[in-house]
Amino acid sequence: MKVSNRFIILLLLPASALYLTFFLVPTIQALVYSLYDWSGFGEAPRFIGMRNFQELMSDRLFWTSMGNTIAILIIGGIVIFGIAFVMTMMLSSGIRGKKFFRGVIFLPNIIAVIALTTLWGYMYTPRTGLFAAVFDALGLTELARFPWMGPDTIAAAMMIAIIWIEVGFYVVLLLAGVDKIPPDFYESAKLDGATDFQQFRHITVPLLSDVIAIGMVLWSIHAVKIFEFPFAFTGLEPNPNSYTVAVYLYILGFGQRQPIYRLGYATAVGVMLLLVVILIVLVLRRVTRREVYQY
Amino acid sequence: MAERSLKLEQAAAQSKERRKSRLQLKHVPSYLFLGAWSLFTILALSWVVLASLKTNREVFREPFSFPADPQFVNYERVWLNSQVGQSFLNSLVIVGLSVIVIIAVSAPASYILSRARFKGRGLLTMVFIAGIGIPYPLLFIPLFALLAGIKLINTIPGLILVYVSLSVPFTVYILTGFFSSLPSELEDAAVIDGATDFQVFRKVMLPLASPGLLTASIFNFIGLWNEFQLALIFIQDPGLRPLSLSLYTLKNSMTYSGDWAGLFAGVVIVVVPTIILFVILSERMISGMTLGSVK
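Taken in order, these protein sequences are the chains called E and L. Counted from 1, the first sequence has number 185 at position 185 by the numbering used here; the numbering is strictly sequential. Count along the second sequence from 1, add 1000, and you get the number used in the numbering used here.
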């Protein structure tokens, strides 16, 4: 539609001004601050070039948190999409209660993460926790004593909870994609004697490819900045074994009980996060760029 | 052609019959898997509600019983003593105002980006939507410095400003998808009848878009109600905390007080508003969620 320039500017202005001032400008500033040594909001930043990034390369905690973030991203992503795919197929196979199951599976997505960490924290508590009580009741005393929150297993324990939370979102997304596929595609395939697996392989997967691609981009963007669950999972001081990059950044910049206030260095960690997102999006676009099926 | 469609109909009828007869066997694994998953979710959440009505002794001694004498006093205790009541009101104000402003700035911008023809429209839309991909931990430090500069740290308007600005990309993404899907006939008719640009927007398109505006409002409401990371950074005064941040504080103090029942009461208070919204509006939410991504 043709409208006057004045009108265009008037309607775009409020959103643009806010977005520019409090989102885009801080993003650019972050790129600049990452080149500075800056030890507190009252202090003057000092330019040090790439030294923050050099230090990051040999920072053990940074790599631990990056490892956890990448594990959530890739291992968590594979499991989440695997389960979501299976559930989508099950939900679209003509069972009863499709909407009910979809709703319940999606439910954790609308609950405050801090509430869910409280729940899972209690479930995992050794001896007195909910899992322990269940295993005790079943006579599985060995499992009841299992230290879910111990240093070796805490990352895995966290992953299980995150998978439980996230799966529903991708089920809803994939299911909406499947529901859009015209049913006569399957009917004619059946007429031609295609098996269930062939239908899945040659109709469902290709026609879902763009939904899958969008789902993977959304998951990647979400996964790299996961903060709340690992931060609140282990009480007052987050356990360094379950740090994600976002948690480490927060600790560096705003600290816990003993503030560290390494603002330039923390911002450099944020820049690494941005680089990871850009890298993933580029790779995914490469991998998923196929012909788009119009139907 | 007619023959083929007849065959298709027959096949459809046949497969329907066959589906009916195979209902039990073929779907058993689906019911088992989806049922087990859903049961876990429902039981876990119901358990929290029951635990919130028990004494602390009961929570540990008899984890699977019903509360002998429902302890509504748990709710009274956290609502009054732990500032959960104050936070509840804070959250209503912060989240309510944020959602109103988000929609008020994003709807006009989205309308222009999806309906007006002007140079650079595609690029501008991309710039807006790119914000979804910027991991916002990157912005913590620049935003903190910026807000400190205008004396808005530790204030409710400051937090609202951050919430609004960071929600613009996602909201514009949803709403441009919605505005583009509207038919253009009414718009054209209004122009022919001599309506001004603003009248077309305000009197014709905005009412047509109201389902989309509602969907975007629900998403933002639930997202911000549950938000905790930004509140943690920008609010220090206990009297200004939103609810999710109060729950985090409660969870930490529980480490010393051991008051699990009270903590679970806090969890229920945080969770109930979003669950009510979800139960009433889940269909709209689920169809709205896939608005932009599944076309």
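It is possible that some hints are incorrect.
Below, in silico cross-link-like pairs of lysine to any residue (SDA-like), each with a Cα-Cα straight-line distance of 25 Å or less [claimed, not checked]:
| no. | chain 1 | residue 1 | chain 2 | residue 2 |
| --- | --- | --- | --- | --- |
| 1 | E | Lys-2 | L | Phe-1179 |
| 2 | E | Lys-98 | L | Tyr-1075 |
| 3 | E | Lys-180 | L | Arg-1284 |
| 4 | L | Lys-1119 | E | Gly-103 |
| 5 | E | Lys-99 | L | Lys-1119 |
| 6 | E | Lys-99 | L | Lys-1026 |
These aren't lab readings, by the way, just hints derived from the structure by calculation.
Each hint tested on the structure:
1. Distance check on the hinted pair: Lys-2/E and Phe-1179/L sit about 16 Å apart at the alpha-carbon level, within 25 Å; holds.
2. Between the alpha carbons of Lys-98/E and Tyr-1075/L the distance comes to roughly 35 Å, so the proposed pair goes past 25 Å and is violated.
3. Note on Lys-180/E and Arg-1284/L: the hinted pairing holds, with a Cα-Cα distance of about 17 Å set against a maximum of 25 Å.
4. Distance check on the hinted pair: Lys-1119/L and Gly-103/E sit about 43 Å apart at the alpha-carbon level, beyond 25 Å; violated.
5. Restraint check: the Cα-Cα separation between Lys-99/E and Lys-1119/L comes to about 44 Å, which exceeds 25 Å; the hinted pair is violated.
6. This hinted pair checks out: Lys-99/E and Lys-1026/L have alpha carbons roughly 19 Å apart, not beyond 25 Å.
Against the hints set out earlier in the document, violations occur for numbers 2, 4, 5.
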